[in-house]
Amino acid sequence: MSEFEPRIVAFLCHWCTYTGADLAGTTRQQYPPSIRVIHLMCSGAVDSIYVLKALIDGADGVLIGGCHPGDCHYQTGNYKARRRLAILKGILNQMGFTEDRVLLKWISASEGKLFADTVTKMTNDLKKMGPNPMKQLWNA
Amino acid sequence: MAKQTVLKVSEGRPEKAIQGFLKSLLEKEVVEAILVPKGLPSGDGFAQTLIHDPEKMDGMCALSLTMPVQSAKVASHLSIKNLNKKVAAVLKACEIRGIVELAKFLQVKLDNLLLIGVDCPGTFEVSDYSKMVQEGKEGEKLAGEILTGMERGETVAPQGYTFRPACRMCEYPIPKADIHIKLFGYKAEEEVGLEIEEKLGKELEEKGLLSFSGNEPSSRNEVVGKVVAERTKKRDAVFQEFRGIVKDLQSFLDRFSTCIRCHNCMVACPICYCKECVFKTAVFEHEGDQFLRWADRKGGIRMPTDTLIFHLIRMSHMVTSCIGCGLCDSACPSRLPVATLFRSVGEKIQKMFNYVPGRDVNEVPPVATFKEDELKIESGSI
Amino acid sequence: MAQGKMRGDKSSALVIGAGIAGMQSALLLAEMGRKVFLLEQGPAIGGYFPLLDKTFPTNSCGVCFMSPTPPAFCPIYECHLHDNIELLPYSEVKKVEGTGGDFRVSIVRKPRFVDPKRCTLCEACIKVCPVEVEREFGGGLEKRKAIYLPYPQAIPHSLVIDPRTCTRCGECVKACAPGAIDLDMKEEEEEIGAGAILLGFGFEPFLAQKKGEYGFGRYENVLTSVQFERLISTSSPTQGFPVRVSDGKKMEKIAFIQCVGSRDPSCGQDHCSTICCMYATKQAMIAKERASGLNVTFFYMDIRPMGKDYERYYERAKSEYGIEYIRSAISSVKELQQTKNLFITYLKEDGIFEEREFDSVILSVGFTPPQNIKDIAGGMGLLLNQQGFCQTDEFHPAQTSVEGIFVGGAFRGPRDIPETVVEGSSAAAAAASFLAPNASSPSRKEYPMEGALGEEIPKIGVFICHCGEELKKSLSLFDLILGTKLLREVVHIEEVGLACLPEDLDLIKKRIGEHGLNRIVIAGCSHREIRKPMEEMAKGMGFNPYLIEYANIREQCAFVHRDLPELATEKAMVLIRMAVERARRIQPIRKGSQKVEKRGLVVGGGVAGMTASLRLAEQGYEVCLIEKERELGGNLRDSFYTLRGSNPQSLLQDLIQKVKNHPSIRPYFETEIIGFEKRNGHYKTKILRPDGEESLEHGALILATGGREVVPKEYLYGKDPRVITQRQLEKMIHLKDEGLKEVRSAVMIQCVGSRDEEHPYCSRICCGHAVKNALKLKEQNHSAQVYVLYRDVRTYGFYETYYHEARGKGIVFIRYDLEKKPEVALENGRLSVSVFDPAMGSRVSLPADRLILSAGVEPNDNRDLAKIFDVDLNPDGFFMEANPKSAPLDSVDRGKFFCGLCHSPNFIEDSISQGNASAARAGALLSKEAVEEKAYLANVIKRLCCGCGLCVTVCPYGARALNEEEVKAEVMESLCQGCGNCVVACRNGASQQRNFDKALNLAVLDAAID
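Protein chains in written order, with the numbering used here: chain A, 1 to 140; chain B, 141 to 522; chain C, 523 to 1532.
One chain only, chain A, in its complex shape (with noise of 0.2 Å):
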């Protein structure tokens, strides 16, 4: 049987992340082919819909990305998807989901390697985790 590739969905903001991810490109950065990445425009618009609707449909893992604490495109979208995620790690963590399934990073335009560091770590912890349970199970 061939390794588990874990599959990372990403939620990355316009202005930082999205552009520190094509820095990557550009300056060749090697990571691996985990992440599926949805554009939005702020961290902020990051609704816990998604983020659940990933880890049912069987994401392994999600990756929110955004602009350093002050460097908010939006003033303070990324504060806002900080305070939100934590209360949605609360209810994952209830559910049973208590590994780190989710992360939330900020990574802005100038931090090409930063971005790709990230993706091959969480890929990395993500095999040591395992495929995400829900596949298994309930098929909600």
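A hint or two may mislead.
20 Å max Cα-Cα, derived SDA-like pairs, lysine to any residue [unchecked claim]:
| hint | chain 1 | residue 1 | chain 2 | residue 2 |
| --- | --- | --- | --- | --- |
| 1 | C | Lys1054 | C | His602 |
| 2 | C | Lys1180 | C | Gly790 |
| 3 | C | Lys1490 | B | Cys412 |
| 4 | B | Lys516 | C | Arg812 |
| 5 | B | Lys249 | B | Leu218 |
| 6 | C | Lys665 | A | Gly96 |
| 7 | B | Lys221 | C | Leu1484 |
| 8 | C | Lys1464 | B | Ala422 |
| 9 | C | Lys981 | B | Lys249 |
| 10 | A | Lys121 | C | Phe763 |
| 11 | B | Lys511 | A | Gln29 |
| 12 | B | Lys415 | C | Ala1521 |
| 13 | B | Lys249 | C | Leu1484 |
| 14 | B | Lys168 | B | Pro194 |
| 15 | B | Lys420 | C | Leu1522 |
| 16 | C | Lys617 | C | Gly564 |
| 17 | A | Lys121 | C | Asp1085 |
| 18 | A | Lys121 | C | Pro759 |
| 19 | C | Lys994 | A | Gln29 |
| 20 | C | Lys1253 | C | Lys1263 |
| 21 | B | Lys225 | B | Glu343 |
| 22 | B | Lys488 | A | Gly70 |
| 23 | C | Lys1464 | B | Val170 |
| 24 | A | Lys135 | B | Lys387 |
| 25 | B | Lys488 | A | Gly96 |
| 26 | B | Lys438 | A | Gln29 |
| 27 | C | Lys649 | A | Gln29 |
| 28 | A | Lys135 | B | Gly439 |
| 29 | C | Lys995 | A | Gly96 |
Pairwise CB distance ranges (calculated) [what the hints assert, rightly or not]:
| hint | chain 1 | residue 1 | chain 2 | residue 2 | range |
| --- | --- | --- | --- | --- | --- |
| 30 | B | Asn494 | C | Phe1162 | 54 to 60 Å |
| 31 | C | Lys1342 | B | Asp376 | 41 to 47 Å |
| 32 | C | Pro1397 | B | Asp429 | 57 to 63 Å |
| 33 | B | Asp429 | C | Gly1064 | 54 to 60 Å |
| 34 | A | Asp100 | B | Asp429 | 31 to 37 Å |
| 35 | B | Asn224 | C | Thr1475 | 58 to 64 Å |
| 36 | C | Lys665 | B | Leu515 | 37 to 43 Å |
| 37 | C | Glu1488 | B | Gly276 | 51 to 57 Å |
| 38 | C | Ser768 | B | Leu515 | 55 to 61 Å |
| 39 | A | Asp100 | B | Ile385 | 22 to 28 Å |
| 40 | A | Asp100 | B | Asn494 | 20 to 26 Å |
It should be emphasised that the hints constitute simulated quantities derived from the structure, not laboratory data. Predicted, not measured: the structure shown is a model, and the values here were computed from it. C-beta atoms are modelled at their ideal positions from N, C-alpha and C, and glycine is treated no differently.
Fit chains B and C to the known structure of chain A by using the hints.
Same frame as chain A, but now just chains B and C:
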């Protein structure tokens, strides 16, 4: 400072004394109408009733032993659009806490609402109470026994009956209200306590409604402390048990697998204020072959879909504001432990933001604000 | 040599130097509708900015807020995107002819040897290039090839060949698949016509080699601050982790030596470089954040954090970060042979020598004028000051000695980013005023009408671009085409070679017609690269540009999974599927617009307010100037001379005359603000005049409500008439008060009502005022002895020379600590001041015939105004800007600006710059006939809305309001920036966003999961 007094009870019937007091609020035009639980003609239940005519006050029960609907929702309907005259509402502590939460989301306007809170011994499931009455247990007599128990701080229902699970673990039996009818620690056959917000107290005094005298019984603090302590203990035990049973994804799903997606929990919830739930909107209308693709991806899918995510999303919306009234539990045909889940998760998340739902109308709900310097995340990750 | 015909005319502007000031000037003039040529001598624009990762005092980047139309990308990219800006990178000015209003500028465009249009950044050439040299970017710590990208995000986004090091071996030419390299490219000469020229030459870092005693160039572990800045940038090879140059080991104990090439006449640098204290403190903080346990020690003379919120920053560096500051003079730096550690011997304030060992030493190098500036200035007839920076008149800070040539930023002297942004804006305002009378705006491009925007069944065309064969290296295009065929509503699939080039764009255009395509998916490079040509093509044929989707299979797939072709192809397929899913659901967007109320409201008629009013009026807008007093002037009325020797009273008269005589300015006296309403697209302010109320509609608001001298609460002020403030002294000197002639000994105490608990900020101007008045006092009364008791002398920039002069004239400066404040005693009718002198190590008692308190600056009480106008105040009561770094004068809400003392303590010169700058920012808004709305606006489905107000709470722009009648939320389209935060705040999807609605995002998510 709130003002203290007592209502003298005659013939050992405290409800009569309370009725008299409420009646005078209408007669002296302190309020235009009063929302109050009233016994059903059949005698096997109660219904919230908006009373305008003081003469119709007979039969009302400040201490209704069931909570068929959460009055926070009623208060919302009553006040959200142009309530220009003063209305009082007789409420349980959890209903007032619900109102406070809804007020933060602009779903209740408190300007013309006079909140009358009653100490709460707990409530029965509607069906249980009806059965009790049919089994020959007279409502008023049961209420009498409960009132006697409240003097001592009894937390168990008399004669082997049980209060709703949510009530048994409710650590907020004492309401914060404009007028507070106090029962714990009082000998209800003789008197019930009354605590009135200062300005209003002055108004009532001037209108000759009552005079302020007497202090609360010295034992009250202790009695209330005992009730809160016992219920808190119960709550913690329930949490522990729940967290023991629902410990991983598998057990979580098992516990919720009998959900039939009737959305009753949402309808009963006082905090779920949306006119139409997102799960009934176009956002969750899927294309036909989408279902097929899902079935293809997973080998098979449970229909109807979006059951699990419904609970989780509802939780992400409401959990910081959950006041633990437990009506979702009462409403669930599959007897899912929705309330326990919400409270158990809620406890942790509310603590994270040092937030107590229903505590103070001026507190900003965690979902409506943020701090720049909080939830420190190491090099960017939570 | 090729010779083109002249481009540009009297209405256009040429900005020379594309650093922060130049970019700011260019962006603002372009927003005002001017054609702007932005010339840069280097191969990429941006100046020093790309070197900076984090900036003080926020320790974030934040430079993206610089664009006049936020939210925006970083200004480098915005300059590249702007329709009215034409970049002239890698170019130099050869000759300037003509006069102000009608310049003809000959420029030379140096050959890049690489065609930016064809270069796909595949970097095959870099691999084969045999030449390796030091990379200039970041001070030479890294290497580059002879063909290179100046830095990763460089604009133009293309490689360049450095002719000085290229050996012309031709390997790169062979390696380049798209044929972008031409080693025979020649320089081209061109003539640019412009009505105004703006200079943003910037500065150059002091050459640390000149201070040989610090060992730079000889000792490996002695770095300049430029190099250290690069080292701690997250984009550095160590991702910002500070390591020693000699052995790559973690830095553990480092020293900063301040004033290297500053305040040092011995190396021809007598000025203070103003920002080194702050940038070094920032570097120290960031380094400590990156490497825990790092010890940092500063060796300094005076610490000078004078800007807004800088004092707090410095305090934080000491208390929170534990950075050590030692007031001292460096005696020597020696390298230890084995460890290559550095041994510093220094002389402390009390005259004692001490020694310490460090593993690295950072030299905080100062600012020098740009190289060859004398030649350039000579060619333009530009006067430079003594230090070699641009000479400007104190009260016309943006005006050079040549009419029609304007200046801002570090070319005027060392300054930080906020000031540079202000001055870049100020220069733009001055240029706009200058250009106004005889210049017309360039005509806007006309596009054909789009078809009807009805809902139609999607017919999607997918074009997969292999980027000049580059993507074929890691992706199987065959598989992608096969897979795409299976996707719903895709009616056409085609492979293209370079979708960004006209050939392929024409082909796509043709296919749209042939197949009746109404949605386009481009699978290829990032939308950031290709959006501009695609949208241009679409608009040109009447195709709604919002119906184009992009699948990023280059930067985010092929380039980053080079060795995994199968998995990369699989991923690319998912990315295409997601883009197609989006394309199926997006709707055309036709942006609305809101009419602009072409009127400015300026509150406060002091120097900043009057300046702002004049600049706005000169640009052709009506201005209502509201003053609460009976007359104009504000604090300027009490100012009689400046340190640089100008006469503020003549400035006052000049400004008042101009304001009163300008037909477009309506001054209101004794008028109060009593109400303010935000409308969709403009504001309505209610004022109360002595004769009644009035409502004014306006499109921009400038708050210039001023400040005042703090009333001292100590040192017997108000109890003894001999104790006065600097301001009172200034007036006495001006009136030649007889009393001053008797003075034998005057004592000045600095920081009265500054840098203390009540006013925890530096008032910036008091040190300058003290020096000014001390010198004047001496001038009028030679025998007077003047003592200045200070905590740090903060005569920044060129003011340093006056401090030098004052000391030379015998004025005695004695330092004191906050813990050992001076004590004032009254004995037998005589005043005396006792203070601990750290140099003597004992207390000294100074007789004081006059005691002059350098009282700080505080803002007027703006709490009510802030509430009315819905703007924020900082903890000190000054107005709070959207971003302290790059939008220093803007409020978060569009169209509200601050300037003058209500923003921060400032000299007159800076207040004028701020007045100009706020007028430029406001002018950029008012210049438009209509404000174009953003594309991805939020909207409300009324049926679902419960009126809970969460969307109103989360909207950062005040673009949401609750309709109390209906109990429903509403969107003010002109203010909505399309962030989507309100969409998430709303629980049931009553709040949605165009082309980002929840159902759409969920569908894309579904397509993302395989």
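Structure-inconsistent hints, enumerated in ascending order: Violated hints (numbers, rising): 2, 6, 9, 11, 22, 23, 26, 29, 31, 33, 35, 38; every other hint is consistent with the structure.
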